[in-house]
Each structure stands twice: as structure tokens, then as C-alpha cells.
Amino acid sequence: MANALDCAAAAGWERACLIALFTDFGLDGPYTGQVKAVLADMAPGVPVVDLFADAPAGDPKASAYLLATYAAWFPKRTVFLCVVDPGVGGPRPALFLEADGRWFVGPGNGLFELVQRRARETRCFEIDWRPERLSASFHGRDLFAPFAAMLARGDTPPGRSCEDPSRRADWPDELSEIAYIDHYGNAMTGLRAAALPADARLSVAGRVLERATTFSDRPRGAAFWYENSNGLAEIAVNQGRADRDLGLSIGAPVEIAA
Amino acid sequence: MANALDCAAAAGWERACLIALFTDFGLDGPYTGQVKAVLADMAPGVPVVDLFADAPAGDPKASAYLLATYAAWFPKRTVFLCVVDPGVGGPRPALFLEADGRWFVGPGNGLFELVQRRARETRCFEIDWRPERLSASFHGRDLFAPFAAMLARGDTPPGRSCEDPSRRADWPDELSEIAYIDHYGNAMTGLRAAALPADARLSVAGRVLERATTFSDRPRGAAFWYENSNGLAEIAVNQGRADRDLGLSIGAPVEIAA
Amino acid sequence: MANALDCAAAAGWERACLIALFTDFGLDGPYTGQVKAVLADMAPGVPVVDLFADAPAGDPKASAYLLATYAAWFPKRTVFLCVVDPGVGGPRPALFLEADGRWFVGPGNGLFELVQRRARETRCFEIDWRPERLSASFHGRDLFAPFAAMLARGDTPPGRSCEDPSRRADWPDELSEIAYIDHYGNAMTGLRAAALPADARLSVAGRVLERATTFSDRPRGAAFWYENSNGLAEIAVNQGRADRDLGLSIGAPVEIAA
Numbered sequence: 001m002a003n004a005l006d007c008a009a010a011a012g013w014e015r016a017c018l019i020a021l022f023t024d025f026g027l028d029g030p031y032t033g034q035v036k037a038v039l040a041d042m043a044p045g046v047p048v049v050d051l052f053a054d055a056p057a058g059d060p061k062a063s064a065y066l067l068a069t070y071a072a073w074f075p076k077r078t079v080f081l082c083v084v085d086p087g088v089g090g091p092r093p094a095l096f097l098e099a100d101g102r103w104f105v106g107p108g109n110g111l112f113e114l115v116q117r118r119a120r121e122t123r124c125f126e127i128d129w130r131p132e133r134l135s136a137s138f139h140g141r142d143l144f145a146p147f148a149a150m151l152a153r154g155d156t157p158p159g160r161s162c163e164d165p166s167r168r169a170d171w172p173d174e175l176s177e178i179a180y181i182d183h184y185g186n187a188m189t190g191l192r193a194a195a196l197p198a199d200a201r202l203s204v205a206g207r208v209l210e211r212a213t214t215f216s217d218r219p220r221g222a223a224f225w226y227e228n229s230n231g232l233a234e235i236a237v238n239q240g241r242a243d244r245d246l247g248l249s250i251g252a253p254v255e256i257a258a
Numbered sequence: 001m002a003n004a005l006d007c008a009a010a011a012g013w014e015r016a017c018l019i020a021l022f023t024d025f026g027l028d029g030p031y032t033g034q035v036k037a038v039l040a041d042m043a044p045g046v047p048v049v050d051l052f053a054d055a056p057a058g059d060p061k062a063s064a065y066l067l068a069t070y071a072a073w074f075p076k077r078t079v080f081l082c083v084v085d086p087g088v089g090g091p092r093p094a095l096f097l098e099a100d101g102r103w104f105v106g107p108g109n110g111l112f113e114l115v116q117r118r119a120r121e122t123r124c125f126e127i128d129w130r131p132e133r134l135s136a137s138f139h140g141r142d143l144f145a146p147f148a149a150m151l152a153r154g155d156t157p158p159g160r161s162c163e164d165p166s167r168r169a170d171w172p173d174e175l176s177e178i179a180y181i182d183h184y185g186n187a188m189t190g191l192r193a194a195a196l197p198a199d200a201r202l203s204v205a206g207r208v209l210e211r212a213t214t215f216s217d218r219p220r221g222a223a224f225w226y227e228n229s230n231g232l233a234e235i236a237v238n239q240g241r242a243d244r245d246l247g248l249s250i251g252a253p254v255e256i257a258a
Numbered sequence: 001m002a003n004a005l006d007c008a009a010a011a012g013w014e015r016a017c018l019i020a021l022f023t024d025f026g027l028d029g030p031y032t033g034q035v036k037a038v039l040a041d042m043a044p045g046v047p048v049v050d051l052f053a054d055a056p057a058g059d060p061k062a063s064a065y066l067l068a069t070y071a072a073w074f075p076k077r078t079v080f081l082c083v084v085d086p087g088v089g090g091p092r093p094a095l096f097l098e099a100d101g102r103w104f105v106g107p108g109n110g111l112f113e114l115v116q117r118r119a120r121e122t123r124c125f126e127i128d129w130r131p132e133r134l135s136a137s138f139h140g141r142d143l144f145a146p147f148a149a150m151l152a153r154g155d156t157p158p159g160r161s162c163e164d165p166s167r168r169a170d171w172p173d174e175l176s177e178i179a180y181i182d183h184y185g186n187a188m189t190g191l192r193a194a195a196l197p198a199d200a201r202l203s204v205a206g207r208v209l210e211r212a213t214t215f216s217d218r219p220r221g222a223a224f225w226y227e228n229s230n231g232l233a234e235i236a237v238n239q240g241r242a243d244r245d246l247g248l249s250i251g252a253p254v255e256i257a258a
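Protein chains in written order, with the working numbering: chain A, 1 to 258; chain B, 1 to 258; chain C, 1 to 258.
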């Protein structure tokens, strides 16, 4: 068991270049704003960006595949404040994790499973720090945001080294489901394109879809899959909405057709 | 009647720590962005957060209960730029208000009623400053944002001390209605949980709901009410959407059942 | 043909006061956040605001009228990062444009047509710089954002002077269509109110609408048009939603009735 000094020393930590929010809070209402108020107050000058504010609500499993994929695009010294937390107020632990030079703060419910599995080097810590006032339902604001701010400003993070008690060895390396519907109605799967045969076809909602390189090489209204800009297999309809046109929603199964 | 110096001196005002936006503008379209452009230009370096961008549209009454509740969470020296303003372009006054060390800028239409009623100490001023160019329909950008920026950067705010002419003594202390539907479909009432008996049941849309402490102590699909992280009584369905599952929308009456 | 130095010298360029995002990316998902991460990294300290995150999706024509109208409100030395780019990955050029002291970065697909047509002075450059890693589908993040950041921080922008190859002389000066539906359900046309007779009536979806000065001078539920705060003719229903009440959507034709 390490003490707090260990984790800071281990990481050679100074100050974050960026805080990225990965939540199911939405942006319009009061949740993200309160989190940002905490960050502005406690880690002034560190830029904050919204990576996902609409991660699959209450669904740490689908979220875990998105997080691992998108976090890999960000530079080292990014702090990810991650809150998809249906068990808030219950017994799930609060964790922070160093993975290949990036930090992750959030609930221990599987959300970090794929980040850990895909990283070369990880260290996991349990957050035993508690704020003076901790609500039962908004640990994002009361616990994780202050903790992320401390990390971001370069403080020695108070934590206790642990094996992540929420590892989910039963989850697959690639998720054969729709994991996210974007603003255009495109449907991201939890499958990395690089893990698929080059000529793979994907079967979803009774349709078999070919791979395309870009949108513009397909006729208007055609459905296809392609490798999106972060490496996931994504289903789209050229100048249409795949979610509506094909009847897709989060959790819909996707099969790899021969 | 005080002059401009009075209000600055009275408040011992220096510089805001934060500007919080409370509007019904939405975030996607051009309104919030233009307001933030004004703030970035006129109060550079003061952090701006979106508290609510989807306050009940055109509904200062429901908004007033949300504003009073959520503003109380923020530190002193926060400037709240508040625009829920169906009467824009009409005769309603433009106000700014000091309440327990926080500043509020916005239309005089009842929006600040509950803030004033719940504060220990308030001072109200009418904004008689006018910008060079004032549109008929976007005082948020043209009048309130520059004024909030002046306050935020520590300028002596030009205003005329007044009794708020838009006080609404007829509004109740607690609003027995749904005041907001959040991103998860949870329905916030305008009732503070602390004002209810510990074992109160809430009756809404033909259902009588028990109180729960957290989401996780209820079975999947169960409807209940609980004290949310800012103290309001909120109606939720564990792993469901209360708005859809119970048929709730803003304005729906809520009764306290024995 | 000018070289890179020409465009910087011509503009007397120093550093942007602001970066404004004009996209169809949405705010919730991963696209805007990744763009902002690039800007925070490459142009630290330059404020970034979301002007439109829901420009008409994949519709450079309707977007062009919104962009020209809204950009005119912003100060000189604003950099507009503009991505409505259905042809991403295809042969359309990448452009940057100086127009009356403002800079525009984005795809050459007509998106800048109205900006150019309405400006007193413009210079157009083709972006021949390419990043180390360019995805096929997200030039907003990989090409346009780094380029906008370089411009914003005052670097000499690498570009090749050109006649914009994507000019659309066939597009009208005023767009007689619904170009945008806002958060309130108001329907903006692509018509500037100043280009219409003072007593013009607008015919849309089988209704003929009179002009009003403000919302508050019309009875509840009445439909009308008015000059919005950026000069466009906009259709609204007092205390209603024009999109729903009148059945309006983007692209619906609008006629000027005698």
C-alpha cells in the first residue's frame, strides 16, 4: 500500500495541460456548470473542455469503450473528470488512475476498465479524501471535481494505492453494440476498426453494411460503415440520419458478417 | 435615492470571481455565444460558467425558484447574468441586485423575487445606463451582458437605488409545481425538501410518491422523490425517466400528501 | 500569386481577440470538445465562443447566410472557425479568407459566399498546409482548428493567394427560405429585414404574416415576423413555438407578399 506521496512521485506530476469532462450530465442544465465553477475556483487557468456531456446515461459499460477510445487522442497530462455513475450514493468506490501519463478521476464501476486494459502502464488509487460537504447524489461536483482540480493544479493527490476493485474481466475487448449516437445521427459502435478485417461487413438491425472510406464516396441515402476519426467503426447514411433511417439506438447489437 | 458610488461602496466591490449565466437561450444557437463574446471582450479573465441555459422558457416564475436555490450554492462575488425575459422590448425595468454578497443582473419581472425574499441583506438598483446600440429583442447581449461585465471587472456600477418595482408578494415561498426537467428526465419541483415533513409524500400526476435517500436504494423502475444536491424535492425513477414514465412537464402541480 | 508573408502583411495581423466557432457539430458529443482542446493547446489564452454549434447540418447554403449575418456583429480580429462540410474527404478545397478585418477558416463549398459578397475588402487564400495526421472525416479538428489557432496566435499563416474556387454566383443576395430554428422555436429566414419594404408581409406555410416591432406588442399565440437582433427577418409566435405552431422547418420557402 502506497501513501499519497507515492502516487505523485510515481507520476512525476506537475500541472495538467487540460481537464476534459466525460459525463452524462448534459450541458444545458445545472450540473456541468457547477462542476466548472468548482474547477474555475480550485484550478484557475487550466483549460476545461467538454469531451462528452452525453455519454450513455447511467451506462458505464458503453461509456467505458468511448472513454478509452477518445482519451487516447488527448495529450499526456490531461486530467479526465469522468462521471457516469448510476450507483452514486451506494457502496461503489471512488478512484483515480494514472494510465500512460493521463489521469482519470471517477467512480469505480467499470468505467475505467478499457482504459486500463489498453494502457501500457497504469496505477490505480482509491480516493479516501472527502469534502466537508458531500451530497448523496452529486459526487461529480462535490468529490470528483475538487479532486480533479487538485490533481490538475499539481497538488500531491491524497490517495491509497489499490487494485481497482471494479475491474470487469468479463467485458469483451471490443463491444459489438451501438455505443453512441452523435449529433448527425451517426451510430458509433464499440468496435475499433483496426480490430476488424479490412473487408468486414457489419450486420445491424437486419441490414448488412459495407465499409466506405469517406461519406462522399457513397450515394445520397446509402448506409455504410467507416472508421471514424478516432478509430471506431461507425454507421452512417450519406446525407441522412442512420439512427432514424436504420432504427438504431444505444445497445443495439452489431455483428461482424463474413 | 443613492448614486452610483453608493452601490459600489456599499458592496465593497472589487472584482467578480465568476460570472454565472442563468438564461433560457440554449447553448447551441447564437445567443449564449454572443453574450460570452461581450463578456470575454469587456471582462477578460473572469471565468464564465453556464448555470442554466434552459431555464423554463419565458417563465420568470418557475425560473425564480430555480435561481434562488442554485445561486445559494455559489460563492460570494459571483455575478449572475439572468435572462428569462418574455417582456423584452416592453416597459419592464432593468435591474441589478446585491444579495448577501452576490450580484444579479437582469429584467425586473419577478425573476429575482425569491432571491430577495430568502436573502438576509439586499440592495436593488435600476439600471439607467443604456448602450449605444440597443436591439429591441436581445437585451441579454446589448444591455445585461455589458452591465454584468462592468460589475464583474470591478467598475463602479452606474445605477439608481430603488425598491424593486417587480416584487411579487403573491408568489408562494415554495412552488408546488414541477419547475424543471433535467437531462435524465428527473423532475425538480420548486419545493425545498427542508420545508417538507421528513416523511412527506408527494402527489403528482395521479401518483403518490415516497421519499428516498438515494437512487440506489430503490428498485429499478420505481418512482420516488428525494432531496436533490441543491436541496429541492425532485422526482425520479430509478434507471428510468420520470418525465416520460410519469407524464410530467414544467408547471404540473405537486401536492404534499399526508 | 502571393506567398505566405503577403497575407500576414496585408492584414497587419497580430493576434486574434476571439475565436468564434460556427459548425454543425453539436456541443454535447466529442467534436466541439476536441476542436477546443486543439485551440487551448495551440492558441492558449485566446477566448473561444460557440457562435453556432447547430448550423444547418450539412447545408453550406443556408449556413452561408447565417454566417455572413452573424459574423458582421463581431469585432475585427475575430477568427471564425467554420465547419459545415458535407464534402469532407472529397476534393473541395480548404480556404481562409480575410474580410474587412475578420478571418474565416473552413471548407470551400460556398460557406463563405455571402461573407465575400457583402464585404468591402476580401482576400482569399488556399490552405496548402497539412497536419502530420489528417483523418478523412474530421478536418475541423485536424486541419481547420490548428490553422485557426496559428492565425489566432498571430503566426504568419501559410497559404496561397487564390480566387475562391467555390464562389456561388447563382445564389441570391437574400435567401427566401427558413435558414434556422432557434431554441424558442423561432424561425430565422435568410432575408435581411433592411432589404424588405417596411410594410412587407411574409407568406410561409400557407400563412401571411405581418411585421411586428417586438414580441410584447402582439397578443398571446399570434404569429408575426420581426427584425431580429442581428437584422434577419424572423418568424415567431408570441409565447408559442413558430416551428411547431406553423409547421416550419429549415428549407421551407418564404415569399414576400404585397
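Mixed in with the good hints there might be a few duds.
The list cannot tell twin chains apart, which means a pair is met if one copy fits it or any two copies do.
[As the list claims (entries may be wrong)] Below, a list of computed lysine to any residue pairs in the SDA-like style, where the Cα atoms sit at most 25 Å apart:
| hint | residue 1 | residue 2 |
| --- | --- | --- |
| 1 | 76 | 91 |
| 2 | 61 | 219 |
| 3 | 61 | 162 |
| 4 | 76 | 253 |
| 5 | 76 | 241 |
| 6 | 61 | 155 |
| 7 | 76 | 240 |
| 8 | 76 | 47 |
| 9 | 61 | 193 |
| 10 | 76 | 216 |
| 11 | 76 | 135 |
| 12 | 61 | 133 |
| 13 | 76 | 146 |
| 14 | 76 | 250 |
| 15 | 61 | 218 |
| 16 | 61 | 238 |
| 17 | 76 | 87 |
| 18 | 61 | 154 |
| 19 | 76 | 192 |
| 20 | 61 | 164 |
| 21 | 61 | 45 |
| 22 | 61 | 220 |
| 23 | 76 | 239 |
| 24 | 76 | 150 |
| 25 | 61 | 255 |
To be clear, the hints were calculated from the coordinates, so they are not data collected in a lab.
Item to check | Within, between, both or neither: residue 76, residue 239 at alpha-carbon 25 Å | outcome: Neither. Shortest intra-copy (36 Å) and inter-copy (35 Å) distances fail the 25 Å Cα cut-off.
Next on the checklist: For residue 76 and residue 87, with the copy left unspecified, which applies at a CA distance of at most 25 Å: within, between, both, or neither?
Outcome noted: Classified as neither: same-chain Cα gap 29 Å, cross-chain 32 Å, threshold 25 Å.
Checklist entry - Between the shortest in-copy and the shortest cross-copy C-alpha distance, which are at most 25 Å for residue 61 and residue 45: within, between, both, or neither? => result neither (33 Å within a copy, 36 Å between copies)
Next on the checklist: For residue 76 and residue 146, with the copy left unspecified, which applies at a CA distance of at most 25 Å: within, between, both, or neither?
Outcome noted: Cα proximity of residue 76 and residue 146: in one copy and across copies (20 Å, 18 Å).
Checklist entry - Is it within, between, both or neither when you check residue 61 against residue 193 at 25 Å Cα-Cα? => result within (19 Å within a copy, 33 Å between copies)
Item to check | Intra/inter-copy verdict for residue 61 and residue 133 if alpha-carbon distance must be at most 25 Å | outcome: Close neither inside one copy (29 Å) nor across copies (30 Å); limit 25 Å.
Checklist entry - Under a CA distance limit of 25 Å, which applies to residue 61 and residue 218: within one copy, between copies, both, or neither? => result between (32 Å within a copy, 21 Å between copies)
Item to check | Intra/inter-copy verdict for residue 61 and residue 238 if alpha-carbon distance must be at most 25 Å | outcome: between (29 Å within a copy, 18 Å between copies)
Checklist entry - Between copies, within a copy, both or neither: which fits residue 61 and residue 155 at Cα up to 25 Å? => result Classified as neither; 31 Å inside a copy, 43 Å across copies.
Checklist entry - Which holds for residue 61 with residue 219 at a C-alpha limit of 25 Å: within a copy, between copies, both or neither? => result between (34 Å within a copy, 20 Å between copies)
Checklist entry - Should residue 76 paired with residue 91 be assigned to within, between, both, or neither, using CA atoms and 25 Å as the limit? => result Neither, since 31 Å and 34 Å both go past 25 Å.
Next on the checklist: At most 25 Å between CA atoms: does that hold for residue 76 and residue 241 within a copy, between copies, both, or neither?
Outcome noted: neither (35 Å within a copy, 37 Å between copies)
Violated hints, in rising order: 1, 4, 5, 6, 7, 10, 12, 14, 17, 18, 21, 23; the structure is consistent with all others.
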